[in-house]
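> Spelled out, the chains give:
2 protein chains.
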Amino acid sequence: MLTEVVEEYLEAIYKMSLNGPVIAARLAEWMKVSPPTVADMLKRLSDKGLVKTSRRDGVKLTKKGLETAETMVRRHRLWERFLTDILGLNWDEVHEEACKLEHAISSPQVEEKLADILGHPETCPHGHPIPGTRGARKREKEAKPLSQCSVGDEAIIERVADEDSQLLQYLASLGLLPEARVAVKEIAPFKGPMLVNVCGAQYALGQEVAAKIMVKGK
Amino acid sequence: MLTEVVEEYLEAIYKMSLNGPVIAARLAEWMKVSPPTVADMLKRLSDKGLVKTSRRDGVKLTKKGLETAETMVRRHRLWERFLTDILGLNWDEVHEEACKLEHAISSPQVEEKLADILGHPETCPHGHPIPGTRGARKREKEAKPLSQCSVGDEAIIERVADEDSQLLQYLASLGLLPEARVAVKEIAPFKGPMLVNVCGAQYALGQEVAAKIMVKGK
DNA sequence: ACAATTAGTTAGACGACTCTTATTTTAGTC
DNA sequence: GACTAAAATAAGAGTCGTCTAACTAATTGT
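Residue numbers (the working numbering), protein chains in the order written: chain A, 1 to 218; chain B, 1 to 218.
It should be emphasised that the hints constitute simulated quantities derived from the structure, not laboratory data.
Check each hint, because a few of them may be wrong.
The list treats identical chains as one, so a pair stands whether inside a single copy or across any two.
To be verified - Derived pair list, reagent style DSS-like, types lysine-lysine, alpha-carbon separation capped at 25 Å:
hint, residue 1, residue 2
1, K15, K64
2, K64, K144
3, K60, K15
4, K32, K113
5, K100, K64
A quick note: this is a predicted structure, and the numbers were derived from the prediction, not measured.
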């Protein structure tokens, strides 16, 4: 049996590896722990056959590690849907809650029942694909950050970073939700803000924010 | 912030104290840990102001401890209802699951939303009152075990022990569910089985089993 | 090529929770 | 009052997950 903390690390490695190789120092930042703590944990994860670490490739999930990680991500996102769609929480309140709930499912049967009542959704409320639905991996990798678009580009919001409650409130207030169509009107020089059009209104978005909005090319 | 283990101990103490004074040795059995482990934990619980222990009265929850315990029990039973009523699990499958879920609720708000969608039930699927609904404490204390009934007694099943999955399956197969009316027809001597009538059928129940069925006098 | 940043490692520690084994109290019984 | 059974305590240890401080190795920019 795996501990919750182990599951959290696997999930982190999984998510980080969608953006290139995972190194211990980054993992320490992500998990908000010190480097030696990560080193200890990687040792334990290795011993359990959940990851392989090498100087060259960094941290890689083994098949077993990947399976666990995907299960956790799936459960996390299913719970997020439950919290918004059924309990009626706001999309900025559900991430934290789901972080705990994801570890409290004991069997694939319960997970499936949950998916059943939710109607087998393909994404979480923030637009992230739910592993286990077709094309989840592919969608996860295809989108690009809005910050990388050029003036004149039009795009559809695919998903947004789900961890920062304040950011989510802000995005919702501007209508920057998954499926919304955005058009880049102007980009101020020197990494300045980006003027975008959404739902007929125009807003200036900082690079920071734009980097957290993933879009699919129009 | 309290750990899950601390919450589990408080819950155990709460439930045990409904049947008289709680002593460390019993608590160790209930929690399936060794006596020194319990002693350590009681020390920690005392330090946190959650319990008071004395030679004379055993372990008592403080106001703060009681509040926490009731919250946990309430969440546990709400999740059980969710698991049966909404996810469609069987009543023998939900206790374990709810044991984990109860610790994964971060705020009274989420708890309330859950109660809302469940229609503010008064009991869990096994008939145990949900703290926070009126008269919960009273109902919890009023019922008596079926094993203490006499020949000729008629009674309504109030609740059944919820921890043993096999027992629950067995009870369900006989129709021994909360709200069912039972009549004691015969009690074999020397602590022998009890012949009871339920839904027109007659069954012999061992003392062990009868002790786990709580009834309200007709 | 070398200084400077970044990454990783070693060593020692601590809190939470658990164990076993052994001993001491306490309570109950004859 | 003495003896036994049950309960509690003491002592010592181990795992998991975390820390800080100090040190070494690897990269990288100029």
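> Each hint: holds or not?
Hint by hint, here is what the structure shows:
1. K15 to K64: within (16 Å within a copy, 39 Å between copies)
2. K64 to K144: Answer is neither: 29 Å inside a copy and 50 Å across each miss the 25 Å cutoff.
3. K60 to K15: Classified as within; 12 Å inside a copy, 46 Å across copies.
4. K32 to K113: Answer is neither: 33 Å inside a copy and 31 Å across each miss the 25 Å cutoff.
5. K100 to K64: Answer is both; intra-copy 22 Å and inter-copy 23 Å each pass.
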